[in-house]
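**Q** For reference, the chains in residue letters:
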Amino acid sequence: MKPAPFDYIAPETIDEVCERLAEAGGGATVLAGGQTLMPLLALRMSQPFILVDINRIAALKGAARADGGTRIGPVMRQNEVIADPTLANALPLLLTATRHVGHHQTRNRGTIGGSIALGEPAAELPAAAVALGASVEARSTRGVRRIAAEALYFGPYATALEPDELVTAIHFPDWPPDTINLFREVARRPGDFALVGLIGALTVEQGRIARAGLAWFGMGPTPIKARQAEAALLGQSIAGLDARGIAELAIADTAPFDDHHATADYRRTVGRRIFARALQEALDARQAA
Amino acid sequence: MSEHRIEVTINGQAHRATVEGRLVLGDFLRIDAGYTGVHLGCEHGVCGACTVIVDGCAVRACLMLAVQADGCEITTVEGLAAPDGTLHPAQQALRDEHGLQCGFCTPGVVMTLAALTGDDKRPSADTLLAALSGHICRCTGYQGIRRAARRLAGAPAGEEPA
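So the protein lines, in turn, are chains A and B.
Quick note: to get our numbering, add 6 to the position in the first sequence (first position is 1).
Quick note: to get our numbering, add 6 to the position in the second sequence (first position is 1).
Don't read these hints as lab results, they were simulated from the structure.
We put the CB at the ideal spot given by N, CA and C, even for glycine.
You may find that some hints are simply not true.
[To be verified] If you anchor each label on the Cβ, the simulated ranges turn out as follows: (1) A/Glu29 with B/Glu79: 27 to 37 Å; (2) A/Arg62 with B/Arg128: 46 to 56 Å; (3) B/Cys48 with A/Glu211: 45 to 55 Å; (4) A/Ala261 with B/Cys48: 25 to 35 Å; (5) B/Arg22 with A/Gln53: 24 to 34 Å; (6) A/Lys8 with B/Cys108: 40 to 50 Å; (7) B/Gly77 with A/Asp264: 16 to 26 Å; (8) B/Cys145 with A/Pro179: 10 to 20 Å; (9) A/Arg62 with B/Gly109: 51 to 61 Å; (10) A/Asn95 with B/Asp132: 15 to 25 Å; (11) B/Ala88 with A/Val150: 47 to 57 Å.
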């Protein structure tokens, strides 16, 4: 259980990281919190020639308000996200999701950017990014581009990021205060990856749903945007919403699989239930308030 | 394969070394620095036995490279008890509540509880109990460990509500 040999570098600037990634031609791996990468190195499932540690770069840390949303540095630790008052105010759903990532001890190292850039399909944060309409800023010596989270994921640990690109920020748009937040996760134990997970935001304006972001995790090869359910919800009056019917539409977009933790059928059955229940309970709670 | 000079403070003592890039912090603490209270169990981030405190935070020593600890202050289980042998409150609570049997996972559990209760922090019992999810214990069935956590939080250590 020892990593294979590699060269370790810890650049002080983003430019230097990009230069080293460009030179390495795909042989380098970026090390952020390391809470997924270090096990992969220990198991020798990953054997990079060069490990580029970005933990010493101050410009990749912290969160700030920027152009109608929040710009989060990728090296912000998950426990820092949970404790940040700006984020608690602007993105309460992101905090809820982050509390479910790993364990207290791994959240002390694990970063928001690392989780979003890796694209584990059963992880909370990639799905949160998809549901909330986030985008990642990717930089290389060739330039900077922004990739919408919903276009980022191709398959398990497969993303639109090129080997020479570094995630330099994650942008989350603002959601109005009158937004219903949904979060459900079914896992064997706290800290495990989800068997089934759901995250969603529904903005209400004058009694109708004006904006909807819904995503599943653990329900296919990537985080899955529940497009049909989103489309059906838009413009709907929240009085008398058919939660079960919407849940059925949401499940239609998933592509779960059998593994030794659960069958695809189980995931669909549970998904249908937690979706309908989460939506109904949120609507009831709103009515009671 | 790169080598790096690092300087870390372990349990208050400065420690200089030259390490390979791939050396994980847990192996460095045990083999190079001699702090064998750091127990490496699974070596891939699952069991929590190797938990140490780095700059005030409980982290898994198998999921960090030694070179990344350059400039950091590290506390291992050897650094908790007072010089006269008085146990740290986290250690005393585990002892009082029979929170260990074989003891392999114990240093990690102690470090998590110590990190969360240090510096006059007053965590709730729920916070401590939630943090225990990061540890696997194959002997105790966890009940003694949970009682110790509740005692540390100032909650009645006795039977938990069902």
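**Q** Which numbered conditions among the earlier hints are violated in the structure presented, ordered from lowest to highest?
**A** Per hint list: 2, 6, 7, 8 and 9 violated.
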